[in-house]
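2 protein chains.
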Amino acid sequence: MEKILRINMGADGGPTYTAVPVGAYAGIAGRGLTSTLVSKEVPPLCHPLGADNKLVFAPGLLSGTVAAMSGRLSVGCKSPLTGGIKEANAGGMASQVLARLGYAAIVLEGKPKDDNLYKMFINKDGVKIIVDNSLKMLGNYDLVEKMRREFGDKVACMSIGPAGEMKMSSASIACTDMEGRPTRHAGRGGVGAVMGAKGVKVIVLDDSGMTMRSPKDPEKFKEANKRWVDGIKKHPVTGEGLPAYGTNVLTNVLNEAGGYPTHNFMWGRFEGHTKISGETQAAVEVERGGSATHGCHRGCIIRCSGIYMDKYGKYLTKQPEYETVWAHGGNCGIDDLDAIAMLDRLDDDYGVDTIEMGASIGVAMEAGLAKFGDADAAINMVHEVGKGTYLGRILGNGAAVTGKAFAVERVPVVKNQAMPAYDPRAVQGIGVTYATSPMGADHTAGYAVATNILNVGGQVNPLSPDGQVELSRNLQIATAAIDATGMCLFIAFAIMDQPETFQALIDMINGFYGLNLTAEDVTALGKSILKAERDFNTGAGFTAAHDRLPEFFINDALPPHNIKFKVTDEDLDTVFNW
Amino acid sequence: MEKILRINMGADGGPTYTAVPVGAYAGIAGRGLTSTLVSKEVPPLCHPLGADNKLVFAPGLLSGTVAAMSGRLSVGCKSPLTGGIKEANAGGMASQVLARLGYAAIVLEGKPKDDNLYKMFINKDGVKIIVDNSLKMLGNYDLVEKMRREFGDKVACMSIGPAGEMKMSSASIACTDMEGRPTRHAGRGGVGAVMGAKGVKVIVLDDSGMTMRSPKDPEKFKEANKRWVDGIKKHPVTGEGLPAYGTNVLTNVLNEAGGYPTHNFMWGRFEGHTKISGETQAAVEVERGGSATHGCHRGCIIRCSGIYMDKYGKYLTKQPEYETVWAHGGNCGIDDLDAIAMLDRLDDDYGVDTIEMGASIGVAMEAGLAKFGDADAAINMVHEVGKGTYLGRILGNGAAVTGKAFAVERVPVVKNQAMPAYDPRAVQGIGVTYATSPMGADHTAGYAVATNILNVGGQVNPLSPDGQVELSRNLQIATAAIDATGMCLFIAFAIMDQPETFQALIDMINGFYGLNLTAEDVTALGKSILKAERDFNTGAGFTAAHDRLPEFFINDALPPHNIKFKVTDEDLDTVFNW
Numbered sequence: 001m002e003k004i005l006r007i008n009m010g011a012d013g014g015p016t017y018t019a020v021p022v023g024a025y026a027g028i029a030g031r032g033l034t035s036t037l038v039s040k041e042v043p044p045l046c047h048p049l050g051a052d053n054k055l056v057f058a059p060g061l062l063s064g065t066v067a068a069m070s071g072r073l074s075v076g077c078k079s080p081l082t083g084g085i086k087e088a089n090a091g092g093m094a095s096q097v098l099a100r101l102g103y104a105a106i107v108l109e110g111k112p113k114d115d116n117l118y119k120m121f122i123n124k125d126g127v128k129i130i131v132d133n134s135l136k137m138l139g140n141y142d143l144v145e146k147m148r149r150e151f152g153d154k155v156a157c158m159s160i161g162p163a164g165e166m167k168m169s170s171a172s173i174a175c176t177d178m179e180g181r182p183t184r185h186a187g188r189g190g191v192g193a194v195m196g197a198k199g200v201k202v203i204v205l206d207d208s209g210m211t212m213r214s215p216k217d218p219e220k221f222k223e224a225n226k227r228w229v230d231g232i233k234k235h236p237v238t239g240e241g242l243p244a245y246g247t248n249v250l251t252n253v254l255n256e257a258g259g260y261p262t263h264n265f266m267w268g269r270f271e272g273h274t275k276i277s278g279e280t281q282a283a284v285e286v287e288r289g290g291s292a293t294h295g296c297h298r299g300c301i302i303r304c305s306g307i308y309m310d311k312y313g314k315y316l317t318k319q320p321e322y323e324t325v326w327a328h329g330g331n332c333g334i335d336d337l338d339a340i341a342m343l344d345r346l347d348d349d350y351g352v353d354t355i356e357m358g359a360s361i362g363v364a365m366e367a368g369l370a371k372f373g374d375a376d377a378a379i380n381m382v383h384e385v386g387k388g389t390y391l392g393r394i395l396g397n398g399a400a401v402t403g404k405a406f407a408v409e410r411v412p413v414v415k416n417q418a419m420p421a422y423d424p425r426a427v428q429g430i431g432v433t434y435a436t437s438p439m440g441a442d443h444t445a446g447y448a449v450a451t452n453i454l455n456v457g458g459q460v461n462p463l464s465p466d467g468q469v470e471l472s473r474n475l476q477i478a479t480a481a482i483d484a485t486g487m488c489l490f491i492a493f494a495i496m497d498q499p500e501t502f503q504a505l506i507d508m509i510n511g512f513y514g515l516n517l518t519a520e521d522v523t524a525l526g527k528s529i530l531k532a533e534r535d536f537n538t539g540a541g542f543t544a545a546h547d548r549l550p551e552f553f554i555n556d557a558l559p560p561h562n563i564k565f566k567v568t569d570e571d572l573d574t575v576f577n578w
Numbered sequence: 001m002e003k004i005l006r007i008n009m010g011a012d013g014g015p016t017y018t019a020v021p022v023g024a025y026a027g028i029a030g031r032g033l034t035s036t037l038v039s040k041e042v043p044p045l046c047h048p049l050g051a052d053n054k055l056v057f058a059p060g061l062l063s064g065t066v067a068a069m070s071g072r073l074s075v076g077c078k079s080p081l082t083g084g085i086k087e088a089n090a091g092g093m094a095s096q097v098l099a100r101l102g103y104a105a106i107v108l109e110g111k112p113k114d115d116n117l118y119k120m121f122i123n124k125d126g127v128k129i130i131v132d133n134s135l136k137m138l139g140n141y142d143l144v145e146k147m148r149r150e151f152g153d154k155v156a157c158m159s160i161g162p163a164g165e166m167k168m169s170s171a172s173i174a175c176t177d178m179e180g181r182p183t184r185h186a187g188r189g190g191v192g193a194v195m196g197a198k199g200v201k202v203i204v205l206d207d208s209g210m211t212m213r214s215p216k217d218p219e220k221f222k223e224a225n226k227r228w229v230d231g232i233k234k235h236p237v238t239g240e241g242l243p244a245y246g247t248n249v250l251t252n253v254l255n256e257a258g259g260y261p262t263h264n265f266m267w268g269r270f271e272g273h274t275k276i277s278g279e280t281q282a283a284v285e286v287e288r289g290g291s292a293t294h295g296c297h298r299g300c301i302i303r304c305s306g307i308y309m310d311k312y313g314k315y316l317t318k319q320p321e322y323e324t325v326w327a328h329g330g331n332c333g334i335d336d337l338d339a340i341a342m343l344d345r346l347d348d349d350y351g352v353d354t355i356e357m358g359a360s361i362g363v364a365m366e367a368g369l370a371k372f373g374d375a376d377a378a379i380n381m382v383h384e385v386g387k388g389t390y391l392g393r394i395l396g397n398g399a400a401v402t403g404k405a406f407a408v409e410r411v412p413v414v415k416n417q418a419m420p421a422y423d424p425r426a427v428q429g430i431g432v433t434y435a436t437s438p439m440g441a442d443h444t445a446g447y448a449v450a451t452n453i454l455n456v457g458g459q460v461n462p463l464s465p466d467g468q469v470e471l472s473r474n475l476q477i478a479t480a481a482i483d484a485t486g487m488c489l490f491i492a493f494a495i496m497d498q499p500e501t502f503q504a505l506i507d508m509i510n511g512f513y514g515l516n517l518t519a520e521d522v523t524a525l526g527k528s529i530l531k532a533e534r535d536f537n538t539g540a541g542f543t544a545a546h547d548r549l550p551e552f553f554i555n556d557a558l559p560p561h562n563i564k565f566k567v568t569d570e571d572l573d574t575v576f577n578w
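Chains as they are written, first to last, in the working numbering: chain A, 1 to 578; chain B, 1 to 578.
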């Protein structure tokens with residue numbers, strides 16, 4: 001990972017590329033690299049779909065090594081959804097492959113001078129940038145199938161569907177999984193629209209002939225990785241809950257906690273929750289010959305994913321995540337797992353963020369376009385997005401635009417990005433993260449649910465404002481650092497409860513790079529990433545006024561606890577005082 | 001004007017009202033009152049369509065008196081279009097009538113608990129608030145006709161069309177003119193959407209039995225008014241240009257100056273300009289039995305309006321303003337005056353801002369929805385807005401939403417509000433006003449065109465950045481003060497060139513109120529209004545980053561001068577340093 005591949009899509013005569021040494025970006029990776037580079041090189045007031053924005057794909061510090069769980073990819077840019085900085089994080093194979101190819105990052109720059117659509121093929125021999133207009137408006141599934149036929153079964157793809165080509169603000173970038181399916185998405189913030197604006201349909205990566213990245217201190221690294229694996233396997237969440245039921249194990253948990261946003265954040269409990277819970281989902285998957293325990297990338301030992309077959313036992317989609325099941329399920333009053341799985345498949349194929357899409361549909365239902373619970377209507381709406389009809393243009397640009405178009409007041413967004421599957425009134429810690437994260441409403445930016453609801457890393461009463469700012473602050477710092485390592489965020493459960501597992505992670509990094517980092521250094525890294533992100537956002541015009549929840553969370557009480565969001569503005573403004 | 005009529009649309013059991021003394025708001029009026037009240041009483045982060053927003057209708061200091069040109073109405077609220085504070089200003093009869101009824105303001109507060117649509121009738125005997133769902137989705141023309149049948153020919157109406165009921169961000173509030181037609185609009189910033197959110201279709205005003213407001217010092221007032229009238233009549237713009245050809249006299253002028261934004265701000269000159277110029281328009285109006293010189297309210301002596309008949313000599317619309325002719329004309333490549341007049345009529349009837357609507361259509365044409373110059377397509381698009389189709393929901397929410405929906409980069413907005421009919425590259429002074437006005441892009445907020453192009457109030461080279469900040473600053477201050485007086489902004493031409501006419505205005509105010517204000521007091525008033533507005537916007541999250549033009553004005557040169565916007569960010573940030 002000693003070079004950065006810069007591809008200028010706007011060069012005269014067609015795209016050009018150059019692989020340059022990492023230079024000033026040496027020693028940073030993942031979100032650390034995407035956010036630093038975007039913050040340094042992208043003018044904060046540029047049009048996100050214009051020539052001045054840059055799209056950065058960066059594997060983490062430990063990606064491409066044998067370190068377990070190290071396969072996450074960071075995708076960064078100025079977000080067309082929020083107008084601020086964005087790091088969207090994905091599993092799948094791309095990160096490992098990119099790292100083994102020796103790239104610390106691919107950076108797409110400029111803007112094509114014509115309407116051509118490009119595919120790229122990158123392997124040990126170099127880079128090919130090829131016009132291929134036959135790919136226009138292909139869904140991700142057909143697209144990657146075509147790429148595998150052309151470039152072989154072992155490639156990893158990063159691609160956009162029709163939504164990305166139409167530059168919709170909910171457009172995702174799909175990364176292929178171990179089976180070569182486009183199921184793992186850098187979903188949030190419209191990164192797919194930026195790829196579409198660069199005229200790039202797919203980047204095909206092939207690491208044939210490359211080897212694992214090798215550590216400076218192999219013994220130390222290997223030994224630490226063993227402790228690391230043991231630590232993850234012994235924690236109840238990463239060793240048992242997630243493998244057995246996947247992230248959707250949370251449906252029953254959040255519903256029980258009264259924090260499961262139902263009918264566009266009207267209530268905290270959903271009548272149909274058992275029909276769409278992780279437990280039910282796992283049973284259906286196993287019964288139909290799919291799988292309830294499956295990894296999304298090589299080196300995953302948690303294996304929180306799965307394979308969802310349709311009624312006829314035919315592959316439909318990967319196991320939908322908790323947030324997806326919620327967004328299309330309880331949020332829209334839908335309790336039909338097959339319909340939700342179909343929506344997940346369509347989202348992956350058209351290339352849209354499942355959270356944003358579910359939130360848009362929820363807002364549209366509130367506006368009266370369909371009844372809550374109408375699964376057929378929801379499926380049709382996603383098709384409208386994929387086809388780019390006028391309604392699709394509204395929905396596909398996210399919940400905020402949908403709310404604007406239909407004059408809906410209850411629009412659950414922060415910085416224009418839709419809230420995920422935890423009501424901030426019943427889980428006040430996550431409310432602090434939603435409000436203040438530079439990313440907009442984002443559960444992964446500081447997952448206070450862990451401590452508020454799962455009692456991981458201690459206990460902080462989810463219904464009280466007390467302690468939430470400190471909790472969110474610490475988690476946001478830790479998360480920024482984890483997102484720089486290429487580690488799956490779920491390792492946080494283990495390291496929050498088990499200091500020795502956190503130490504194993506630090507030891508792995510030190511063993512790999514020949515460093516002597518301490519826990520304090522990790523904290524400093526997280527802070528520096530957040531600072532770069534907030535600096536960018538300040539330049540883009542964000543102030544404390546943007547670090548707020550929509551007023552209905554402050555004014556309207558959420559059943560069953562009948563609770564409002566109670567963390568004060570003054571306290572929110574202290575999150576980044578460290 | 002010693003009382004404020006506060007109407008609570010959200011009261012239990014239906015709307016209630018109370019007339020309260022002006023109290024702390026004594027001595028301020030027009031934009032001074034709307035902006036002060038909104039800044040004091042509306043939470044800057046509230047949802048603009050929610051219960052916490054307030055819609056304020058305020059006549060000016062001299063409205064309802066015999067003072068010539070004093071019939072302007074200020075309408076204020078938090079804008080659904082910009083998210084900041086808004087004062088939209090309209091001619092027509094409402095301001096005079098409201099003032100004679102003794103109201104310094106009507107304030108619509110709260111939010112109805114049901115879906116009923118209300119009409120209000122206000123006369124010397126009091127206030128009636130009546131549910132009338134038969135008015136739902138009526139166009140403004142049918143609506144006011146119905147009101148005149150019900151309440152008599154002499155009433156003045158303030159009303160919304162279907163766009164306001166659908167709470168679109170381009171929705172206007174129509175004020176009836178001297179003929180009782182809904183042709184004078186508080187157009188900008190979506191004030192009609194706020195009226196729609198309050199559930200109010202129309203406010204019918206009847207000043208029968210009321211008299212002119214009487215001055216404290218009748219002699220001084222009368223004598224000053226005489227000097228005032230003389231001053232306005234002797235200035236070439238207010239005495240000759242505007243009466244003869246209306247505001248559309250500017251088409252040829254701006255085209256000649258190379259500052260006439262054509263095809264969505266692609267060029268500075270329009271081939272078809274002579275076909276749609278004020279000179280041509282006046283000839284058509286006279287030829288068809290309309291009128292080219294007509295006032296919009298009692299007491300107007302400039303009479304810049306007119307009556308536009310269709311080919312068959314039947315009334316079609318009032319004389320479309322320059323900005324309207326531009327927005328639907330050159331901006332969309334349309335050179336057909338009858339089509340433009342029809343678009344003006346439809347805008348007035350559906351109740352949308354002509355500038356925002358023309359800009360939305362221009363952006364849609366850039367996106368390829370129709371060809372530039374296709375008048376039928378443009379007319380159809382406005383019908384889509386009026387019908388509230390999905391396309392209409394996009395267009396009707398303004399140019400920024402349209403740009404978002406169709407991923408257009410060239411979107412000529414500041415603070416989400418569409419730019420009017422002067423390209424800021426060829427008229428750099430107006431660019432400073434667009435960028436920095438608390439209202440968003442707004443030519444009326446500091447009409448630097450006067451000095452840049454018309455050489456009124458001195459000369460400042462329109463193509464140079466030099467002197468533009470000072471020019472815009474002084475004009476923004478003066479305009480805020482004028483907007484508080486109820487005076488038509490066109491009096492600015494006379495007072496900028498003729499100190500004695502400015503003195504006559506001050507003497508009128510002093511004669512009316514028994515005061516001893518000086519020119520410095522007027523400046524202080526303007527500054528205090530701007531400060532209140534900027535304070536609100538700061539609370540709503542606006543920073544210097546929002547005081548910027550879209551990047552294409554900085555990056556792309558405008559033919560024929562091949563000039564970019566050259567005022568630096570640093571200079572823009574000094575506009576409000578006084």
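Please keep in mind that the hints were generated in silico from the structure rather than gathered at the bench. A hint or two may mislead.
It does not matter which identical chain is meant; a pair holds if it fits inside one copy or across any two.
[Unchecked claim] Heads up, simulated DSS-like pairs for lysine-lysine below, C-alpha to C-alpha not over 30 Å straight-line: (1) K226 - K371; (2) K222 - K275; (3) K371 - K136; (4) K113 - K371; (5) K234 - K124; (6) K564 - K111; (7) K371 - K111; (8) K531 - K128; (9) K154 - K566; (10) K40 - K566; (11) K226 - K216; (12) K111 - K566; (13) K566 - K3; (14) K531 - K226; (15) K531 - K113; (16) K220 - K233; (17) K564 - K113; (18) K566 - K113; (19) K387 - K371; (20) K146 - K124; (21) K234 - K371; (22) K222 - K566; (23) K564 - K311.
Hint-by-hint comparison with the structure:
1. K226 - K371: neither (52 Å within a copy, 65 Å between copies)
2. K222 - K275: neither (43 Å within a copy, 80 Å between copies)
3. K371 - K136: Cα proximity of K371 and K136: across copies only (23 Å, versus 34 Å in one copy).
4. K113 - K371: For K113 and K371, the Cα distance is within 30 Å only across copies (21 Å; inside one copy 44 Å).
5. K234 - K124: Neither: 38 Å inside a copy, 81 Å across copies.
6. K564 - K111: between (45 Å within a copy, 21 Å between copies)
7. K371 - K111: Close across copies (24 Å), not inside one copy (41 Å); limit 30 Å.
8. K531 - K128: Neither, since 36 Å and 57 Å both go past 30 Å.
9. K154 - K566: neither (51 Å within a copy, 53 Å between copies)
10. K40 - K566: between (36 Å within a copy, 24 Å between copies)
11. K226 - K216: For K226 and K216, the Cα distance is within 30 Å only inside one copy (17 Å; across copies 92 Å).
12. K111 - K566: Answer is between; shortest inter-copy Cα gap is 24 Å, intra-copy 45 Å.
13. K566 - K3: Neither: 47 Å inside a copy, 38 Å across copies.
14. K531 - K226: neither (33 Å within a copy, 63 Å between copies)
15. K531 - K113: For K531 and K113, the Cα distance exceeds 30 Å both inside one copy (35 Å) and across copies (44 Å).
16. K220 - K233: This pair counts as within: shortest intra-copy Cα distance 20 Å, inter-copy 91 Å.
17. K564 - K113: For K564 and K113, only the inter-copy Cα distance (21 Å) is at most 30 Å; the intra-copy one is 51 Å.
18. K566 - K113: Only across copies: K566 and K113 sit 25 Å apart there, 51 Å inside one copy, limit 30 Å.
19. K387 - K371: both (22 Å within a copy, 22 Å between copies)
20. K146 - K124: Classified as within: same-chain Cα gap 21 Å, cross-chain 77 Å, threshold 30 Å.
21. K234 - K371: Cα proximity of K234 and K371: none, with 45 Å in one copy and 65 Å across.
22. K222 - K566: Neither: 47 Å inside a copy, 59 Å across copies.
23. K564 - K311: Close neither inside one copy (41 Å) nor across copies (61 Å); limit 30 Å.
Of the numbered hints given earlier, the model fails hints 1, 2, 5, 8, 9, 13, 14, 15, 21, 22, 23; all others are met.
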